[in-house]
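Undergrad: The numbering used here numbers the first residue of the sequence shown as -12 and each following residue consecutively.
Since the hints were made in silico from the structure, they are not lab data. Treat the hints with care, since some could be wrong.
Stated by the list, open to error - Derived Cβ-Cβ restraints for the label pairs, each shown as a range:
| # | residue 1 | residue 2 | range |
| --- | --- | --- | --- |
| 1 | His512 | Thr376 | 35 to 45 Å |
| 2 | His512 | Met599 | 30 to 40 Å |
| 3 | Val576 | Asn308 | 51 to 61 Å |
| 4 | Asp206 | Met599 | 28 to 38 Å |
| 5 | Asp520 | Arg553 | 13 to 23 Å |
| 6 | His263 | Gly14 | 26 to 36 Å |
| 7 | Glu122 | Pro187 | 34 to 44 Å |
| 8 | Ala324 | Val576 | 23 to 33 Å |
| 9 | Thr6 | Arg553 | 24 to 34 Å |
| 10 | Arg200 | Asp297 | 24 to 34 Å |
| 11 | Phe124 | Asp520 | 42 to 52 Å |
| 12 | Glu44 | Gly529 | 19 to 29 Å |
| 13 | Asp520 | Ala361 | 42 to 52 Å |
Unchecked claim - Dumping the calculated DSSO-like pairs for lysine-lysine here, alpha-carbon to alpha-carbon at most 27 Å:
| # | residue 1 | residue 2 |
| --- | --- | --- |
| 14 | Lys(-9) | Lys244 |
| 15 | Lys596 | Lys307 |
| 16 | Lys244 | Lys194 |
| 17 | Lys596 | Lys312 |
| 18 | Lys219 | Lys325 |
| 19 | Lys307 | Lys(-9) |
| 20 | Lys219 | Lys360 |
| 21 | Lys244 | Lys372 |
| 22 | Lys360 | Lys372 |
| 23 | Lys325 | Lys312 |
| 24 | Lys350 | Lys372 |
| 25 | Lys194 | Lys372 |
| 26 | Lys360 | Lys312 |
| 27 | Lys534 | Lys596 |
All C-beta atoms, glycine included, are put in the ideal place defined by N, C-alpha and C.
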Amino acid sequence: MSQKTVRLTMAQAVARFLTRQMTVIEGERVPIFGGVFAIFGHGNVAGVGEALYSVRETLPTYRAQNEQGMANAAIAFAKASFRRRFMACTTSIGPGALNMVTSAALAHVNRLPVLFLPGDVFANRRPDPVLQQVESFGDGSISANDCFRPVSRYFDRITRPEQIIPALRRAMQVLTDPADCGPVTLSLCQDVQAEAYDYPQSFFDEKVWVPRRIEPDPDELAAAIATLQGAKKPIIIAGGGVLYSEASAELAAFAEKHGIPVVETQAGKSSLPHSHPLNMGSVGVTGTSASNRLAEETDVVLAVGSRLQDFTTGSWALFKNDELKIVGLNIQPFDAAKHDGLPLISDARVGLARISAGLGEHKADSAWTERAKAAKAEWMEAADKATATTNAALPSDAQVIGAVQRTRGGRKTTLVCAAGGLPGELHKLWQAEEPGGYHLEYGFSTMGYEVAGGLGVKLARPERDVIVMVGDGSYMMLNSEIASSIMLGAKFTIVLLDNAGYGCINRLQVETGGANFNNLLRDTHHVELPQIDFAAHAAAMGAVTRKVGSIPELEAALAETASEPRTTVIVIDTDPLITTEAGGHWWDVAVPEVSEREQVKTARKGYEKALMSQRFG
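Using the sequences plus the hints, can you model the full thing?
TA: In structure tokens form, the structure reads like this:
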């Protein structure tokens, strides 16, 4: 029997295939691709551009201003959707494609799905070297897109039209796999985009993708249960896997039933409501005093959906109990067995339920639980003091956070941020009450993510009040998607903290014995210091803007602009040197062994002393 086929170009096949991939959200079948971000050039405008035009009613194409910005927005969309839905990004070859490589690394580190469709050189090589082609003197098969290989979970170069069939199927498997989830790059040779092929009609049958929930191995489960039963001072580290598994209710039930306090990573913050009595808040380098005090003493850590990076573990100097055991509840074996942990390979929601059933009515020692609650109360006093209102001419980041929290920090708010000093302060101080109410890109700490990230979150969750907090340094790196948000009617609010430089890294520089050098604008080599009018700059892109001079003025502006239909930017000058002293932990940043400066010598002595607390291996 002959197979029914349809003749399409390779690019048309890609577009049609993407429209047929579905998922189920709250009982409703919806497209799994939320759309395609595109900046067209000679390497994708004729092939992919024409193909996307033909499906524009079912697969919307969004025009961006910057390739890295649009990729960041797509990644934020996936994160805000808890990896249940995602987007694609297409560019021409050369600089357009390479602009997305940083974003590919961001998605790779954070285990977030995004489909990259960069144009590539001609497969037939007739016009070589084509415009924007990177030539290798020793390898004729290399193109600029090979840079995507180490930062893609799956990479393929399509040199024949029929190759897209297995490539797209493999792409979907990776994008929806809870363990291997991450960026996929399909590099589309530009001549092949336009070549036709008789594709099987079955290739375009509608397919529904739902989360795979892996059950734990019985032996691993038994070991985890026995370890927790023997714990005297257990804690739970809630990582991003809790949110991606949509296991917040199970986490709360587990903590309550067994009396175990919960500490949160950057990716896991908002897994449990801030107001929950067993939520100790952030842990590690940017941790609360409550979380870090418990972490220092704990003998058993149940790490749920965490990759246990150095900010979480205080560079592995935070945990001081010689009897420490780690149970790694994770869908990814690579993460579950880190640091000689007892792996429990399982979906977080399923794993928590199975452990809880095995523990029965077992509870942690009530004295440990009560100590945790008392530590949280003590921390909240310090946090309230740090975020209290002020009339200071240059408020701290914490005081700005307090103003945003008081004015717009409700249950329907999503706070977006990324690199610099703000993530540390927000990790400690922001009070998220719903899953996804805290959206930080701190796995890769990518400056420039914030504005584009706000756009992606708003596209994914249009019903939420999206607040972006960003420093002047990160804003200057990538702000152009403000214009895209105006084009798309995707309103969010940006609170821009201007401390005249890179305040966070300046503080780190000084803490490690360095001089104030090349971070704050005043400490750079310059003829004239820039006087940037950020409000005027954002207004030029169409945003509603305000420049405020105090915390009370900030609160008034936040309230006044809440109902604005357009993206709003509120600018406030802040002090680059003040940070919240309460909480926190040492972080391993190597200090030079040899220096002529006494400050460095002193810092080196402190560094060598701190190294003695690290648990290696």
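Undergrad: It remains to establish, for every hint, whether it holds in the given structure.
TA: We went through each hint and held it up to the structure:
For His512 and Thr376, the Cβ-Cβ distance of about 38 Å falls inside the hinted range of 35 to 45 Å, so the restraint holds. For His512 and Met599, the Cβ-Cβ distance of about 39 Å falls inside the hinted range of 30 to 40 Å, so the restraint holds. The supplied range of 51 to 61 Å is broken by Val576 and Asn308, whose beta-carbon atoms lie about 25 Å from each other. For the pair Asp206 and Met599, the supplied restraint of 28 to 38 Å holds, since their beta-carbon distance comes to about 37 Å.
Checking the proposed 13 to 23 Å range against Asp520 and Arg553 shows it holds: the Cβ atoms sit about 19 Å from each other. Distance hint for His263 and Gly14: a CB-CB separation of about 27 Å, consistent with the stated range 26 to 36 Å. Hint check: Glu122 to Pro187, Cβ distance near 37 Å, so the stated range 34 to 44 Å holds. Between Ala324 and Val576 the CB atoms are about 27 Å apart, so this pair conforms to the stated range of 23 to 33 Å.
A hinted range of 24 to 34 Å holds for the C-beta pair Thr6 and Arg553, which are about 31 Å apart. In this structure the hint that Arg200 and Asp297 lie 24 to 34 Å apart at CB holds, the actual value being about 30 Å. At roughly 48 Å, the beta-carbon separation of Phe124 and Asp520 lies within the given 42 to 52 Å, and the hint holds. A hinted range of 19 to 29 Å for the beta carbons of Glu44 and Gly529 is consistent with their spacing of about 26 Å.
One distance hint, 42 to 52 Å for the beta-carbon pair Asp520 and Ala361, holds here, with the actual separation near 48 Å. Proximity of Lys(-9) to Lys244 is assessed by CA-CA distance (about 57 Å); at most 27 Å being required, the pair is judged violated. A distance of roughly 15 Å separates the Cα atoms of Lys596 and Lys307; the hinted pair therefore holds under the 27 Å criterion. Of the pairs offered as hints, the one joining Lys244 and Lys194 is violated, with about 39 Å between alpha carbons and a cut-off of 27 Å exceeded.
Between the alpha carbons of Lys596 and Lys312 the distance comes to roughly 25 Å, so the proposed pair stays at or under 27 Å and holds. A C-alpha spacing of about 22 Å is found between Lys219 and Lys325, which places the hinted pair at or below 27 Å, so the restraint holds. With a C-alpha separation of about 66 Å, the suggested pairing of Lys307 with Lys(-9) is violated against the 27 Å cut-off. Distance hint between Lys219 and Lys360 is fulfilled; the C-alpha atoms sit about 16 Å from each other, no more than 27 Å.
For the hint linking Lys244 to Lys372, the alpha-carbon distance of about 32 Å lies beyond 27 Å, and the restraint is violated. Between Lys360 and Lys372 the CA atoms are separated by roughly 19 Å; this keeps the pair inside 27 Å, and the hint holds. The hinted pair formed by Lys325 and Lys312 meets the criterion: a straight-line CA distance of about 12 Å does not exceed 27 Å. A threshold of 27 Å between alpha carbons decides the hint, and for Lys350 with Lys372 the separation of about 34 Å lies outside it, so the pair is violated.
In summary, the hint linking Lys194 to Lys372 is not supported, as the alpha carbons are separated by about 53 Å, beyond the 27 Å threshold. For a cut-off of 27 Å, the pair hint linking Lys360 to Lys312 stands: about 23 Å separates their Cα positions. A distance of roughly 45 Å separates the Cα atoms of Lys534 and Lys596; the hinted pair therefore is violated under the 27 Å criterion.
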